[in-house]
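Chemist: Residues per chain are reported as follows:
There are 2 protein chains.
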Amino acid sequence: MLYSKSAEYAIQAMIYLAETNSPEPVMISQIAKAYNIPQQFLAKIAQTLVKHRLLVAIRGRNGGVKLARPANEIYLNQIVYAVDGPPPEQEQCVIGLDYCSDTAPCPLHHRWKIIREDIREMLVAEDLADLALRVLEKRKIMNEP
Amino acid sequence: MLYSKSAEYAIQAMIYLAETNSPEPVMISQIAKAYNIPQQFLAKIAQTLVKHRLLVAIRGRNGGVKLARPANEIYLNQIVYAVDGPPPEQEQCVIGLDYCSDTAPCPLHHRWKIIREDIREMLVAEDLADLALRVLEKRKIMNEP
DNA sequence: GATATTTAAGACTTAACAGGCTTTAATTAT
DNA sequence: ATAATTAAAGCCTGTTAAGTCTTAAATATC
Ligand code: SF4
Ligand code: SF4
Chain A
1 MLYSKSAEYA IQAMIYLAET NSPEPVMISQ IAKAYNIPQQ FLAKIAQTLV
51 KHRLLVAIRG RNGGVKLARP ANEIYLNQIV YAVDGPPPEQ EQCVIGLDYC
101 SDTAPCPLHH RWKIIREDIR EMLVAEDLAD LALRVLEKRK IMNEP
Chain B
1 MLYSKSAEYA IQAMIYLAET NSPEPVMISQ IAKAYNIPQQ FLAKIAQTLV
51 KHRLLVAIRG RNGGVKLARP ANEIYLNQIV YAVDGPPPEQ EQCVIGLDYC
101 SDTAPCPLHH RWKIIREDIR EMLVAEDLAD LALRVLEKRK IMNEP
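Protein chains in written order, with the working numbering: chain A, 1 to 145; chain B, 1 to 145.
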């Protein structure tokens, strides 16, 4: 919806890393298992996250991946951008017309403009540390019936 | 983004029909040409719109398709629903977690909930007649340099 | 150094979406 | 009746996203 499946997996994986907050690297296989992500697929996604300096990878025994910087300095849009590539230069018309501009917009235009901005704002504002904290809290609550 | 390419074409085609507002049926080929939609593809989309009672088709010479009811009684969500199928029953978590509910939501949850609601509202509120009117106006403006 | 373990890299497979082609059925004008 | 015209229907092709497999490279441990 907002981003690809790959980006979703990437966010989940990085939340997991922020949750555990271990100074030691964490194995891809462990992350994959915890969040139920296809392991090999996650491995490949991790590669691109490493290339984009969001993760660092340590290979060999006791290897794994860890966050490249503190969780509170990593924002969602950075992850999405890294995995899905840069967003399109020109803003897209909701109904795919090509001859339109901002003069005399159709009723959809105002609405869509606001929504698009909200989405952007959401991805820019939220950082991993916050998310991980909240997910942890939530997990605690749900384990107490 | 919000809907498939097919749904986008469907919306464009139905706007065209609302624009021309002809009591006579309009040929698929004509619509396809006007909005630069692959004709055969649009033909197939039209079929599903007919099945969902948004269009009626008249075949044979002088045939074509027309809106099944007045344009101001057709809303975007009906078109999207018809082409892309019903939206998922359970509301989706933005980051794809499956163990979450509304108790102690993560920071994304509030934001996303609002955005999702705005999108839904946009699709529910806008009807074809409005859109067609605005697109017509816009075309007029853009033709006067 | 040998070995086990872990990510890196790239080829490969599968599935879904977008689009095209061709034939068939329905309708109307002649 | 017949020919022309139009949507309906089914199958084929290309593209992209999602997922799998195989081999190579790096590293810790013995
Ligand atoms: S005014 Fe409407 S049709 Fe034009 S670009 Fe904006 S959303 Fe699209
Ligand atoms: S609280 Fe956050 S993680 Fe849970 S369902 Fe809502 S958006 Fe998803």
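Hints listed in this document are in silico derivations from the structure and should not be mistaken for laboratory results. Heads up, a few of these hints could be off.
Identical chains blur together in the list; that is why a pair holds if it fits in one copy or across any two.
As the list claims (entries may be wrong) - Derived DSS-like pairs: lysine-lysine, alpha-carbon spacing no greater than 30 Å straight-line:
id, residue 1, residue 2
1, 51, 113
2, 113, 33
3, 5, 113
4, 138, 113
5, 44, 138
6, 113, 140
7, 51, 140
8, 44, 5
9, 66, 51
10, 51, 33
11, 140, 66
Chemist: None of the hints should be skipped; say for each whether it holds.
Modeler: Status of each hint after checking the structure:
1. 51 - 113: Neither: 32 Å inside a copy, 33 Å across copies.
2. 113 - 33: between (39 Å within a copy, 28 Å between copies)
3. 5 - 113: Answer is both: 24 Å inside a copy and 20 Å across each meet the 30 Å cutoff.
4. 138 - 113: between (33 Å within a copy, 17 Å between copies)
5. 44 - 138: within (29 Å within a copy, 46 Å between copies)
6. 113 - 140: Between copies only: 22 Å across, 38 Å inside.
7. 51 - 140: Neither, since 34 Å and 49 Å both go past 30 Å.
8. 44 - 5: both (13 Å within a copy, 28 Å between copies)
9. 66 - 51: Only inside one copy: residue 66 and residue 51 sit 13 Å apart there, 52 Å across copies, limit 30 Å.
10. 51 - 33: Answer is within; shortest intra-copy Cα gap is 23 Å, inter-copy 44 Å.
11. 140 - 66: within (24 Å within a copy, 56 Å between copies)
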